[in-house]
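> Using the sequences plus the hints, can you model the full thing?
Order-wise, the sequence lines are chains A and B. Position one of the first sequence corresponds to residue -6 (the working numbering), numbered consecutively onward. Position one of the second sequence corresponds to residue -6 (the working numbering), numbered consecutively onward.
No lab work stands behind these hints, which were simulated from the structure alone. These numbers were taken from a predicted model, which means no experiment stands behind them. Some hints could be false.
Straight-line alpha carbon distances no greater than 20 Å define the calculated EDC-like cross-link-like pairs of lysine to aspartate or glutamate that follow [stated by the list, open to error]:
no.	chain 1	residue 1	chain 2	residue 2
1	B	Lys263	A	Glu300
2	A	Lys263	B	Asp297
3	B	Lys249	A	Glu279
2 protein chains.
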Amino acid sequence: MEIVSELLSGDRRALARLISMVENLEPGAKKALSELYSYTGNAHVIGITGPPGSGKSTVVDKLTLELLDEGKSVGIIAVDPTSPFTGGALLGDRVRMNEVSLDEDVFIRSMGTRGHLGGLATKTRDVIKILDAFGKDFILVETVGAGQSEVEVVKAAHTTIIVEVPGLGDDIQAIKAGILEIGDIFIVNKADRDGADNTARELDTMLGMNQEEKDWEPPILKTVAKEGKNIDELNDAISSHLSHLKETGGFEELKKKQIRDEFLDIVREKIYSYTMERTAEGKIDEIVENVMNSEIDPYSAAEDFLEPLEEDRKD
Amino acid sequence: MEIVSELLSGDRRALARLISMVENLEPGAKKALSELYSYTGNAHVIGITGPPGSGKSTVVDKLTLELLDEGKSVGIIAVDPTSPFTGGALLGDRVRMNEVSLDEDVFIRSMGTRGHLGGLATKTRDVIKILDAFGKDFILVETVGAGQSEVEVVKAAHTTIIVEVPGLGDDIQAIKAGILEIGDIFIVNKADRDGADNTARELDTMLGMNQEEKDWEPPILKTVAKEGKNIDELNDAISSHLSHLKETGGFEELKKKQIRDEFLDIVREKIYSYTMERTAEGKIDEIVENVMNSEIDPYSAAEDFLEPLEEDRKD
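Here's what the structure looks like:
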């Protein structure tokens, strides 16, 4: 496809257009993704999550400046599962305008939930692919900490950073076990505030209680992102984590897991379209009518609906 | 199936056992659900959601006592999407022991996420079905307000109650548009606290801004559930809402929508098992390996995987 060759040649407008195609589920988007797939796999994908007010975006911005200084190119995807907005419309984008977004080597995109959560994770992964094939060295995926969602979204990251802040009271306790497990690097941001040492210590204790044996011990860094303080340390920790992954074979293992997740998600999405098409044909209405009239129960109806698959399975 | 006839004859142990079968995805669970389906459709299903600390559980308990007084039977499903626990192990159950759970006409079950969120919504719906077929007049589904999850869980309710409290600061503003839309009845609980009138007024304003034209205007009630205050009013509002639904044809419409949602969820779950079975067969590993080696991209692999369905579609 033309748009794919344009993208691969470094055309920023092709990049933006293809991302929009993915977001709007335009026909051709999946074909393009399929074509560019073999050009992916070179970017270091970093997930950054944390509660609102923890200064995630500032961490992302300062880290971006640090990476740009090193001559790297950066793609930023700001995912907000609580926002229905997608595209460039989020406040976050405007706030960032001065800081990093005018740089040629940065590409920022905001994504919200248009559709369901699962769809958002898939789309985020697709946008990562596009930025990766485009040639970005680093892709930062920032997502607000809102339960299930951040786990879904960072599934595609190689390195996951959890941002905390001192003084949110019971918040450390409220971190779910699942979140602790996905963190490769922990940050206590706004560390110039009272209680930063306490928060770091609590995090350390909780990580210590995590029974699972790990060959990577997640560092806990204290940053003041607003002033750029210790962002270089963060950058080092990120490099160390990647090196660690590559040296231990963890990278291959992670990639395998991610491909599996992705494949299964694509399967789910395809079933979704299959269903949508049958909806358009009026087939689903017919089934609903039959269940309403007690002619069939929904479990048996689903079996009939998926009979081709079931048949195949019995072979 | 024997367990189904036992359930229909009013055997409480069969009830508990069948619910466990559903929760543990035991073989036979779906067959049982399929068999008992034609006995469902008689219960009034009520969803109750709200932020932690709003007193949801107390509202549910007091409402239950009110309904029992009227000679009705009640099933309670307490869904906590943030808890990995399922069964009778939640604190909520123990707290309730004295209040309502010793009553023969009440059945309480706690459900947490064992597996993903989508699965929880399906299981909740299945448990509703079981309680419905068992003959419960009212089924109260209580869920903690945690974003996407409460919307998913209350999808199966005929009447949805949103519980708020005064004095949570910015919380009213934080109510997501999606939550306002699903509320049929709003409660400002702990209304003996300062700011209750304010909270009610704010809710009223926000509901007024909701552009969508509705033939049912959600009432906003002020309760002090702990003292049982205005719970009778709540009970009246629930009856009014049901009458309204039945008079306007909204009930049929809602049922149709719910059957559709349910059918599609069952289809998704079935695909999930299809995939799980292929995983067991080693088929998925093979695909992942091929993608890892760049022999195929995941989009094309998904197409191959679902070929039987695709074929059928082209007929």
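> For the pair supplied as a hint, Lys263(A) and Asp297(B), is the alpha-carbon distance within the 20 Å limit?
holds (11 Å)
> Next pair to validate is Lys263(B) with Glu300(A); report whether the Cα-Cα distance is within 20 Å.
holds (11 Å)
> Does the alpha-carbon distance linking Lys249(B) and Glu279(A) stay inside the 20 Å limit?
Judged against 20 Å, a Cα distance of about 11 Å means the pair holds.
Taken one by one, the earlier hints all hold for this structure without exception.
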